[in-house]
Amino acid sequence: MAMASAEQKDEKSCSICQNIYTDSLNLTCKHFVCLVCIGNVLDTQDGFGGYECPVCRAEFQNHPVPSKKRKICNIVESLLGTQPEQNETVILCNYCMKSQVPAAKTCLLCEASLCEDHLEVHSKSVEHILTEPTTSFENRKCSVHKEILKYYCLEDAVCVCVSCRLDGDHKGHQVESLNEASKKKKENLRRILQTLTSKRTELEKRVQGLQTGKKVVEKKSVGVLRQAIFLISYIKTHVKEMEKQVVSELAKQKKQISLPYSVLIHQLDIRSNNLSKKITHLEELCNMMDPLTVLQELQSDCADYCDAQEGNSKGIDRNDKEVHVTEDMDMGVISVMVHTRLNELVTGVKQNIQMDVSEVLLDVNTAGNHITVSGDLKTVSWSEVNQSHQESPKRFQNNQILSITRYSSGQHYCQVETSETNGWKIGMAYPSIDRKGDQSKIGYNKKSWSLGIWNNRYSVIHNGKVERLCHGPSCQRLGIYLHYKAGCLSFYELCNPIKHLYTFTTTFTEPLHVAFWLWKNTWLRSKN
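Be aware that the sequence shown starts at 1, since it is given in UniProt numbering, and climbs by one per residue.
Read the hints as simulated data drawn from the structure, not as lab findings. Just so you know, these numbers come straight off a predicted model, no measurement behind them. Keep in mind that a hint or two might mislead.
[Stated by the list, open to error] Derived pair list, reagent style PhoX-like, types lysine-lysine, alpha-carbon separation capped at 25 Å:
no.	residue 1	residue 2
1	Lys-205	Lys-124
2	Lys-378	Lys-520
3	Lys-183	Lys-141
4	Lys-465	Lys-378
5	Lys-183	Lys-220
6	Lys-199	Lys-141
7	Lys-219	Lys-124
8	Lys-244	Lys-254
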């Protein structure tokens, strides 16, 4: 390609000055000469009766006329357009003497740059190392002896020349040829590359797994959010209906209570109006000047005034007493109404979340001999005295007990009240858990999960692995939530606000029992 470019350049160069022309004279012998050169030649031939080509001496009678071939001009302009700018460094072939041809490679041994054509005939020996075209060989020469670097010193991990190896600082050192050292280096790099590639593949798989898990969690979160919004909407609707019912009942009671007052007020208003009329009439009598008229009217009306006043007064006083007897509203009806509606609300919420709020009853047949169980089977306490429980294959040798109820599906929730004294554990376990030895304690095997407190700090335990949580207890009420199918067992502290303590995530393979473990002076109570 480089040689073709050179040939193209030769064809579009002046046959005399060898420069690329833009305006040329096309002679009949097919040679092209630039106008400057041909002008000088033809001027010397004027008057001799003919002209000849300065290249091949071909004769022609007429004075050549300059012509501009469009195709040739386009090629010339294209060739000129591809010439490197003056500020760009172009490395040329050292062996192209007649033309400037860009180099394709540089031989480090020969310190020469070659075009594609000269590269074909260059030595193919491994000593003749080829690189991209360059004019800088300083970094490939020894800084001390100015010789080509040919060896790699294994002791000092540097490249050295022949003189360094034979007489210099690296005399007697173990060296390798650059090719051999480079080959070993590449092998090491390939091993590193393989390791890094494997790690990257592993990381990509982990990222893919995490992204899949993230999508699953986000999908579940959307479902939980929708369920929560539905529950909140359900609760709001139920509370609003309860509010309407309570307000309606209060309005009804208010109307009933205020009715006697309204009737009595109306009666008093009528009596007051009648009295006002009689007062006006009596005032008129008092202002009359005729004694006979005063006596006659007073004689007929005065007795009525006195009798009516006395009789009405007794009836009104009696009504006042009756009104005061029934003036209080009945809060009992309101309390019953609210309690009933709240019970309906709780029942509806349970049905909507499909969660069973469990009443945990404890199995006496599993209780250790230093545990006492209450009559209602809900409270267990540590006992210093051996209780000598009846022997049973289900009984634990340590201070531990399981619930009677077991769970193999669905969602379940229960509450536990704890003693202030540290040294207890709550959790869940398979019925196949060992009954003897330290491995039978909840959390110290593959068949149980526990939350406990020691030295005023929470810990979670499974398969003997203890994880200390960063905070201690805030209250003595805890919640246990089980989602069997999802493989989630969560613990909550039921303070204000409710605090999530920890969630175990696994795949359950057996039914689960609530499990309690006690130490000295501790107790646990199952709450409804």
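Do the hints match the structure? See the list:
1. Lys-205 x Lys-124: Measuring from Cα to Cα gives roughly 46 Å; hence the hint is violated.
2. Lys-378 x Lys-520: Given pair Lys-378, Lys-520 holds - Cα atoms ~19 Å apart, limit 25 Å.
3. Lys-183 x Lys-141: holds (21 Å)
4. Lys-465 x Lys-378: Judged against 25 Å, a Cα distance of about 29 Å means the pair is violated.
5. Lys-183 x Lys-220: Not OK: Lys-183 and Lys-220 at ~54 Å, beyond 25 Å, violated.
6. Lys-199 x Lys-141: violated (39 Å)
7. Lys-219 x Lys-124: Roughly 65 Å separates the two Cα atoms, so the pair is violated.
8. Lys-244 x Lys-254: holds (15 Å)
In this structure, the hints that do not hold are numbers 1, 4, 5, 6, 7, in rising order.
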